[in-house]
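Make the full structure from the sequences, and use the hints.
Protein chains in written order, with the numbering used here: chain A, 4 to 342; chain B, 4 to 342.
Simulated from the structure, these hints should not be mistaken for laboratory data.
Watch out, some of these pointers could steer you wrong.
Identical copies carry no separate label here, and so any pair may be met within one copy or between two of them.
Under the rule of at most 30 Å between Cα atoms (straight-line distance), these lysine-lysine pairs were calculated in the DSSO-like manner [unchecked claim]:
no.	residue 1	residue 2
1	Lys205	Lys99
2	Lys219	Lys99
3	Lys200	Lys99
2 protein chains.
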Amino acid sequence: MALEKKNENEEYSQLRQDLVTGDWVVIATGRSKRPEDFVVKKEASLESSIEGCPFENPEASGQKEDVLVYKKGDGEWTLRVFPNLYPAIDRGRRPKPLGEGPYFGMTGTGYHELVVSRDHDKHFALMDATHIAEVLDAYQDRYINIMNKKSIRYISIIHNHGRSAGASLFHPHSQIFAIPVISPYVQLEISGAQQYKKSNKKCVYCTMIEHDREEKTRVIFENDDCIVIAPYASRSAFEMWILPKFHSPYFERITNKQKLSIAWALKRALGALYSALENPDYNMYLHTAPCDGNDYPHFHWHFEVLPKTSIWAGFELSTGIEVSTIEPEIATKRLREFV
Amino acid sequence: MALEKKNENEEYSQLRQDLVTGDWVVIATGRSKRPEDFVVKKEASLESSIEGCPFENPEASGQKEDVLVYKKGDGEWTLRVFPNLYPAIDRGRRPKPLGEGPYFGMTGTGYHELVVSRDHDKHFALMDATHIAEVLDAYQDRYINIMNKKSIRYISIIHNHGRSAGASLFHPHSQIFAIPVISPYVQLEISGAQQYKKSNKKCVYCTMIEHDREEKTRVIFENDDCIVIAPYASRSAFEMWILPKFHSPYFERITNKQKLSIAWALKRALGALYSALENPDYNMYLHTAPCDGNDYPHFHWHFEVLPKTSIWAGFELSTGIEVSTIEPEIATKRLREFV
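Okay, here's the thing in structure tokens:
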């Protein structure tokens, strides 16, 4: 039998469709908890001690060469970018085709870099907005430097916070992956956005922003240039998207003013998440248009934040339909208490 | 700088493309470990005590109604299927459209059932093949019972083993989700299979089986009716696919003889995984053609097993490109020592 409902008006489990990709999520309100129940008891945290942190003194850890350094007036570094010592992608050579029988592959060449901010224990929720803007500066600097390199078709910029989100070091850092293929997920968003534009003569992301601003129930924060929403088809509890309110396919064209707005939005949104869920682990990443030489006028770049509030298990991995147990409207209400 | 290579012949990171979906994976051999390094130290295991296990005596735990029971000659149950007390999908009502502005949704109605085998501490790797065949029997029985119900378009059958794979109870059990939408991942496989058939006049899965049997390096086990391979584009270390060797889109048409062959293959493959990686957590699931009334002659049903050997973090979640750190050919070699 299904979980017994207390009364007729009680809500049922919902299937919600992502307006961009057409993918589905389940919002299983039959399993619903109160917002404060989403605080995750961490089973293992990262070693937080500053001693032995390889990012405090990267040279001593075998790091030979920075690709970008920002410094203060006194010459002390405030942010560094260097190639990952343990890269998933080998640096800079032209990919060679590999294959076997019917299969196709290539050497995994490109760039895999680390963006390291100075303060060992200040992650985004605790940073000043100006320091977050500096991180965004570095994303943009490196993006522009790499985007026209031979064979690079997509640049993925990501930030893992906490051990269950895949971070292996406590010291806050982001990663840049430049690869010779286009991200299938971003391709799916681009195809959806193109399709929507064709049918509705409007950007699908601009449509969401417009509707959500009117509806208000999923708006976590907004300022002049950007908006933070809990997406209608949230794939995990407390998922957040940070979008520029102005239409723009290309993150690398962000202006300094916009960067500061995004930095404030990240600070407020990630700060609210930190307070509401007691410093949950999360993955944050940029979705921007590919840099393969084609134009993507109908895409709309944005950041997505996926808190590690549950495990994607067999059903999610098998179907691509994620199950979340809180409505984004209720998550928004909770986050707004802290924003 | 990239990780320094010891010599010119050393292998580099590879990008491999899934022949069915076109998706990419990274095999990061620059980060490679020895096969025995993939044994995962479990941070938390499920409570294994038989006392308090709700599946030992389901009635006492509030379970009111079985939808299927298999019994021995003495009347003792050997397998039961009942609706999940905490369903992600509400039972059996016709989905009602929901929506808001540009968004579309529907009530999440269908079926969410649990398949429970009798032995509290015998999971697939430790079960007799006949008992695994009984579980497959139950999958088929329930599939056939549900597939023609109103509004059901896809049935997902999954098995989570271990806490990090999302299982919440130690007692082995599988889950059946019958939903009013088609799984996007299966849709992707179907589209890929249709495309491949159109271009190559052959089933893409049959092509893989034929090639991998010749090549041998990714074949973990085979018997009369089925084959276990480590897929060329493995998304996680030690991923395994169990496929019927005969072309068949529809799992529900499996014969008793084939069922026993698959049961043996599951026992041997999951047994090898259990031995090689010291009982790792994993997700296993069935991919079979949708039951929406259409024919899918070019699909080829199969089980996939995804061991929890690493965390899919920002890059994977952002791009849909998974990073694995061992070549499937080396994983196969290791598994074959134990099969």
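Consistency of the hints with the structure:
no., hint, result
1, Lys205 / Lys99, "between (40 Å within a copy, 28 Å between copies)"
2, Lys219 / Lys99, "between (50 Å within a copy, 24 Å between copies)"
3, Lys200 / Lys99, "between (37 Å within a copy, 28 Å between copies)"
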